[in-house]
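S.K.: Chains F and W supply the protein sequences, listed in that same order. Residue 12 is where the first sequence starts when you use this note's numbering, and the numbers rise one by one after that. Residue 61 is where the second sequence starts when you use this note's numbering, and the numbers rise one by one after that.
For the record, the hints were derived by calculation from the structure and aren't laboratory data. Note that the coordinates shown come from a computational prediction; the quantities given were computed from them, not determined experimentally. No false leads were slipped in.
Okay, derived cross-link-like pairs now, DSS-like style, lysine-lysine, Cα gap no bigger than 25 Å in a straight line:
(1) W:Lys277 x F:Lys1002
(2) F:Lys425 x F:Lys632
(3) F:Lys383 x F:Lys106
(4) F:Lys1002 x W:Lys242
Coverage of chain W stretches by chain F, computed from C-beta distances (three or more under 8 Å per stretch; other residues unrestricted):
(5) 122 to 133
(6) 145 to 154
(7) 161 to 167
(8) 179 to 193
(9) 201 to 210
Some chain W residues well away from chain F (every beta-carbon gap over 12 Å; in silico):
(10) Thr174
(11) Pro198
(12) Leu222
(13) Met223
(14) Ile237
(15) Leu239
(16) Leu240
(17) Lys242
(18) Glu250
(19) Met251
(20) Ser258
Don't be surprised by glycine CBs; every beta carbon is placed ideally from N, CA and C.
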Amino acid sequence: MGLQRIILQSRGQHLSQHHTKRRLVDFRLPPSHEEQVEATAAMEKLILLWLKCLILCSTVEAVFEDQVGKFDWRQQYVGKVRFSHYDTHAQSSKKVLLATENNVFAALNTRTGEILWRHVDKTGPEGTIDAYLQHGQDAVMVVGNGRLLRSWEINVGGLNWEVVLDSGSFQSACLVGQQDTVKHVAVLKKTALSLHYLSNGHQKWIENLPESETVDYQAVYSGGNGEVFALGVVSHSHITIVVYSVEDGEIIKQISVEAPWLSDIQASCAVVGQGILTCVDSATVSLYMLDLHEQSQMTQIPLQTLGLEAAPGFHPTLVSTQPNPARPPLSEFFIQLGPEHHLLLQLSNDQIVTLRDFKPAMLVSFATTGEKTVAAVLSPKNQTASSLNLFSAETGRRLLDTTLIFNMDPNGGKPEKLYVQTFLKKDDSVGYRVMVQTEDHTLTFLQQPGRVIWIREEALSDVVTMEMVDLPLTGTQAELEGEFGKKADGLLSMVLKRLSSQIILLQAWVTHLWKLFYEARKPRSQVKNDVTIENLSRDEFNLQKMMVMVTASGKLFGIDSKTGTIVWRHYLDNIPSNAAFKLMVQRTTAHFPHPPQCTLLIKDKDTGLATFHVFNPIFGKKSHITPPTLPQPILQSLILPVMDQDYAKVLLLVDDQYKVSAFPSTKNVLQQLQDMASSIFFYLVDSSQGTLSGYRLRTDLSTELIWEVVVPTEVQKIISIKGKRPNEHVHSQGRVMGDRSVLYKYLNPNLLAVVTESTDLHPDRSFIGIMLIDGVTGRIFHEAVQRRAKGPVHVVHSENWVVYEYWSTKPRRNEFSVIELYEGMELYNSTVFSSLDRPHAPQVLQQSYIFPSAISTMEATLTEKGITSRHLLIGLPSGGILSLPKMFLDPRRPEIVSEQIREENLIPYAPELPIRSEWFINYNQSVSRVRGIHTAPSGLESTCLVVAYGLDIYQTRVYPSKQFDVLKDDYDYMLISSVLFALFFATMISKRLAEVKLLNRAWR
Amino acid sequence: MFHRERSPLLWLLLQAAVAATWCFTDMEAGPGGAGVATQPNGEYGFKIEGRAVVPGVKTQDWVSTARVLVEGEEFVGFLRTDGSFAVNDVPPGSYVVEIVTPNFRFEPVRVDITSKGKMRARLVNYIKTSEVIRQPYPLQIRASGPHSYFMKRETWGWTDFLMNPMVMMMVLPLLIIVLLPKVVNTNDPEMRKEMEQSMNMLNPNPELPDVSELMTKLFSGSKGSSKASSSSSSKGTRPAVKRR
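Just chain W, with the same shape it has in the complex (with noise of 0.2 Å):
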């Protein structure tokens, strides 16, 4: 019974590891530089021209939801029926663009704009503003899928069940209770010794009270069994003596 009292804390233990290994990825990379500062002169009238393509889909399809936001809502656009776009009247600074729809993802692009009117696309990065990754301009769009809102409902399937880490670590110590007493002799004392060593090893943290044990106190305390209270002098030993 010894792997019915020990793998809960140790899945516990084995979801903290993941949770921290989750936060881990989720780290981004160092500093950046300063960004590229271009004076809006109050000129208006630049164009922010380009296409946008969803793969697969016809154009007249999904341009009626779509729009062209212009950093946020400072400026929008409309996409025309064969999926170009020209935002008009823009004055000289630097942009994301974006195309919004609700089912398709557009990645953004930052379009800068000189007061002369030179126009340039690179990629959007917040981090390090002024890093140039250059973009085809006109802005060349196309949408990189449809949008994921949903998450998968867990679906129940034998392999799902005994792939199950839970599972493994109860199938795994099972095999080994099944087999170990046939391969070692368990009366010999010294052995009995030495596993009882290596169990009080396996416990990190002396002062947990044990669920498992805990609860075993109190069934066995209702039942009067006389073997559970001979048992709760070491709980390493116990599994070893309950077997027996």
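With the rest of the complex left out, here is chain F (with noise of 0.2 Å):
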């Protein structure tokens, strides 16, 4: 039934097959071109025939074991780190845990920075990592807003055991020790406080909180005395504080202090020494403190009368240190003052003594080896450095041969986090290692006295956009390029330019041979093929590019295609924390003295306003050109193929009072606009009003409206609109059929693909709603509905072909389903496409098939010229990039197979799709999370250059129709040429022989 249903589902399929095959009788060519069709058709066989072959090899295309490695990079990621904690139960450890944001718990080798293992959990709020706590080999931590405890095996990286907690919000967490062991891990939620052992997760006991209503608990501590306490506020009025037995829950105490001006405890209290309770206060400058065993009041201690001072406006903080969580914290503790001004304190029989004043001090942190806990404290140093030193918590004495220098990227953000690793050297002094978190999302790993060990770049785990830049040519090449590029002015001087180039050429490929033997005398791993900007140029076949990224955080890059090393990277430090990113490449590497400029538009989701960046995509350097500032919330923006006298492409904008503005906004760019002002059509979608409306400028920079649909939003919504990539080239203009006629396809490069998503989400009553609609008319083409079905929905949109993918509740499966527009037998207008000027309506075929798995993301090959068979390469959630020929989706697939068909090379229908492992392109480079494909075409037409993007990035090449263009890299050179020598000498023998029968014969 389930093939019956989707085959009914793709009416428009059979509709117009119908229609196709009636014309198919109508059609014939005049007689006097009779015999040139027969020829023609006779040489087309014989094509077929070859096509055949070489579809038949393309669709067992893979990836070849030896050829691991050779082209393809995969960098593996974690995210902006939460919770990190060194792995201290061995001495010679050399693990770090990171808990990052992206939701993934991983481990890292701190010798090389790279990962030992990593565990992805779901995206959003049902991953996230609330807490995390460390104790031995296990690391315990509350996952989804209080919904599990989870314990993992560090040493392994597999999972101890998971729990589910009890509904409700999730606050804090502890570990709790009695008689110097820890045993349970404690978890304060909303109304609850649980305790459950640390071996195997198994809850000792729930309780209720007292009064939960009205007081807001918010920390939990243990002090290894077979106490918990849960910590309460009533805003402003007073602290509850409910002392439990570790044993059997009981209560053992509960007493309420007086607290006006507290509301949040996690932000201004820290438990100090013996279960001191110490807050900081910003209204009244002072520190409350309160023991939590006897007092019921709170003493109030003005920080004047310590000497010390808050900066204004800051609200002061505290951090205190807990080793053991066995025992007590620590007494000392520091508190910041001011963004720069940090104290170290002590409490000693309640007398707060300051044991030293750190000023300036951008970051502060304890770390505790064995016995010895130090205080780290990074301090500016000049513009470019800063300097980490360590200083004795005890005493606040600056400890000798402890300083480090931390060198800082000025194209990166300022630090924010220390993660130090203190050991234990033989001489009982200590020495660290440290990792520094930044801004930008950087981890960088330092050791005495500043030797970066390894730096990570945890933005590239939130890739938002990119592109593929061409490399410059070299100096050689762009002297080259220049002479033909200049009037001729003479015989002579060209001639003489010819000379002079032919002998820089002569000259670079002698230091090329120079270098080349040169480095094979030295032992290979001296070799070092380090990137740099110098040595970047575009090679043979335009292979290599560099790929320019965009990451959430606002940190840009530019990565070298080939190895994946980054050659520049630039942080753009305010960005908005929603803001929406769109990067355009103005002008590429081809224009020579004029440098490559790339614009990014950044955009604040909420206001509308945006800003943009210019910058050159090769060395990431800021442009020099100051972009038009945008006082307006911009709705649109689109890249022209106008160009202004620079050859950069030109940018319109529209705000929302519907005005065009251009950059570059030159004289002549506005000439240009003017001249072209009426064949300039854009659209613009309003998912929220369920509008789309189509515009046309107006030699003024005004727009009209032209056209409008509207989706009414009580029933749909618009979730995705997708138009064809404007680099696309289409090389064939239709199919040739079993017949030998030809099925022209519709290319109509204005098609935009609308896809709608009820809003009723009942698994019988919800729909998906595709409209494939014209950009400049607002005609709408084709419109399906599959019923039953529901988002997400990948759509991709090529050629003459809508490919989008969709779940589909009643079967509960995921199910592709392709479009495809044909023109007819007979093409309009062959030479140019004119959306105003297309009487006929195009032929819609669609069909639809069973896919066997979830999908990510999903993206189309794309080639120099368009010649190479199209292959669809879709993300899966296991990590896998799967390149499956367009070929299985193609709604002419026929169920019954005739002798046409079978000539078309047509595969005969089959509900379901195959997944093989031979067309994973990544093979066991599983890639997280795949959020992005992207595609770009090589010099080379076979090729086509892949970056997929998500948690990692993986970067590899593919050739839909295998390599027809260059010689395999497994070519037998030694097979050909022994065959031609054998063939060769073959024939000279056996023309002597012929001769000397002839000569026989003759003689006869």
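Build the complex: two chains, separate frames, hints provided.
M.R.: As structure tokens, this is what we get:
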């Protein structure tokens, strides 16, 4: 029944196929052409046969084992670090454990920075790591706003146990120890406190918190004496402290203390020393202290009495440390009084003593090894460097030889967090290494005296958009180009110029040879293939490109596509957290004296206000061109094929007043725009209103509404709109059918695929709609509805087809549907396509298939001239990237095979699309959480460059029709030459023999 | 020289036939029935349990790279150090449970959870969605082997060369051509006529321009051989004439 349903759904297909057949009968060519047709038909047959072999080969396309790592690479990331602990249970351990904002828990090797193992949880709030506690070899974490409690074994990277916690929003968690051993973990929720065994996660007891409706319980603390403290606050009134017995969960004591100034315990309080709750208040500029065991009154100590002063408008914070959860915290703690002002204080006999004043100090942190606790303080040194020093926590004395210089990247962010790993040296002094986290999510691991061991650019775990830019030519190549570019000025000078450029080429070749020879003599390990801006140049086939990547944090990267080396990085600070990015290449490297130029449009999603960042994509430097300031919210931006006198493509921006501005906006550009205005159309989408409207540019750069399509928002909402890629080429105008006629493709460059989803999400009433609409005229060519289907919908729109994927609710499976558009047997106007002059609506064919997996993202391959057959690149949740031949998604796949169809090489219809493991282009290099796949053409028609990004980045090349334009890398030169020689000798011998025979016969 | 001219086309036809048969093998069987409908009632708290085994590989060597995916990435579970797993907090419904590792292949299993919490596992069948072939529950999933991501390089050997259909097609006619004149007298005009007829029958598409013929024309023209021009009248007999 499933099969029948699918076929019925694609009603359009049957209708139009019928239509096609009728047209076939009518189709006749003028008789005068008959002979020519015969000849071409014969040639076609040959070509077809040849193509058949090609296709047959292409469908078994896969990676060869010896190609591993030859032209592909993968980089794995974890995301912005939220919690980090060093593996301390073994002195020689080389592990650092990270729990990140991307819901990833990973272990890194501290010597190399490589990932030892990594666990990627679900995205979104259900996988959020709320708390991370470490004890010995166990890493205990609370996940999904207190949904689950998990314990990991950090050596192997396997799960110890996982338990479901009772519902309620998570507040805090801590390890609970008794008599120097830690056996339990306490989890505080909004209404209850529970205690779990560390060994198996079983719940020892759970107790409801008293008066949880009024009291906001925020923190839990245990000092290792068999008691667990739950600390709650009634905002601007009092603190409630409930003391539970570890043994049975009985309430030992419950007190409430006046604290009208307090609203947030986590932000302003810390437990110091023998269970003294210490809080700081910015309004009264005082420290408040409360002994959790005895007192019922807070003692106020104004900061002035300690000789301290807080920076105006700054909320002071406290940092304490509890090295062993079975023992109370240390009595030393930090107070931060200003953005760059920290103090180390000590609490002794109810007296607060200032041990040391750190000013300026950007960051402070405690670290413990064995019995020694040290304080690490990072203070600025000069503009680009800062120094880190260790101080004894007990005395505040600086430890000798512990200075470490941290050189800050001028294109990076400020340091944000310190993770110090201390160890005892042989002479009992403290040595350390440190991981510095900066605002741009970079992790730098350093050791004394400032040697960088590794750097991880964790911003790359969140790539938003990217472009691949051609590398510039080298100096010699540019010289050659220049020769042809200039106007001819006399024969002699031309000859001289040619000679000089040839000499330059020869020179370059000799130096290259010399370098090869020189490097061959050196041992292999010493030869370094460092990629720098200087030695980056375009290769023969333009396979090496610059990947410009934009990350959500606002850091931009330039990555060499061949090796994956980061060539440049640039951090844009003050990027709004909900920014939308659009990257555009305004000028490529093809216009030599002018530098290439990329423009990044950064738009605040809330206000709609946008800013520009114009830069050189090869060097990453900010351009000296001042982009226009945009006072109005921007609705749409479009890049035109029009260029200014400096070969920069024109960018049009439409603001909320429907006024258009251009960048660059020179006189030349405005003149060109005026001339072209009547042929510039654009569309705007408002998914909240459900409107899709088309506009036309007027000569005075105002706009006029031409058409509007309203999708009623009560029924359905627009979820995605896909146009075609502007750099796409289609080589073949039509398809040759079995009877030698041609079915012409409908290649409308202005076609938009609009996908809508029903607002009613009930499985029986939900649906997915797709609408094909012309962006210029607003004419709707086709509408299809998939009943009992829901999103997420992934769409690929290319050439004359649209492929989309959705979830079918009734049979509970993913389905693919393909729509193809054809002009018919005749082409209306074969030279140029105009949306305004196409009287015939295209024929629409549609077919659906089952896909046996969920998908994450989808993209089509792209090649230089569009001759190569297309594949769909599908990112799966398992991390594989599947290269599915488009041939499988062809609405002309027949149910009954006839002779003609066999001739056309169509695969008979099968409801389920196959997934073969040879089709995974990334073999076992799985890419976690693929969010996007970027395809770019190379200089070779057969080769398409692919970058998949998500949590990881994977770059490779694909050959959808095999490498038909270059010799394969396993080409057997030996065989071919030996065969040639053998044939040559065979002819020689046989010629001789034939001569002898002829001679003999002549004599006879 | 007859075999040289015919064999490329024959070979192509053979390839086409292979292509067609290959297409047929890809077909799948017919229609299915309606799916099982269990109403999710929004009550969370069910647990999908099971154990995964990779025969011959220690669990600690692969569990850190493995994940349990329930219906894509809707629910995610992790493997314990002994290979067992539990996906917590799953509402009633029907789910495809899959264990993904980059190196080993596991078959997916469909798990149905009723609103009362009754569980059953069955084979995944996307076409006949209601078909029930029971699987053990708690799940017992064995790896069906390592993923075969790579294609084998074609290595060159003498046997490959000899068993190549192209070579076979070359060798067999060669034998016939060498042996036939010894058996049959080709000078006999009747015999020659018969052969001519059979040659014409072998050529199904007379409008096809014969590549080899074109080539011989081209080359013979340049060399100015008188023998080739005489043979062009009938391509069927040409080899015979040439040989004589």
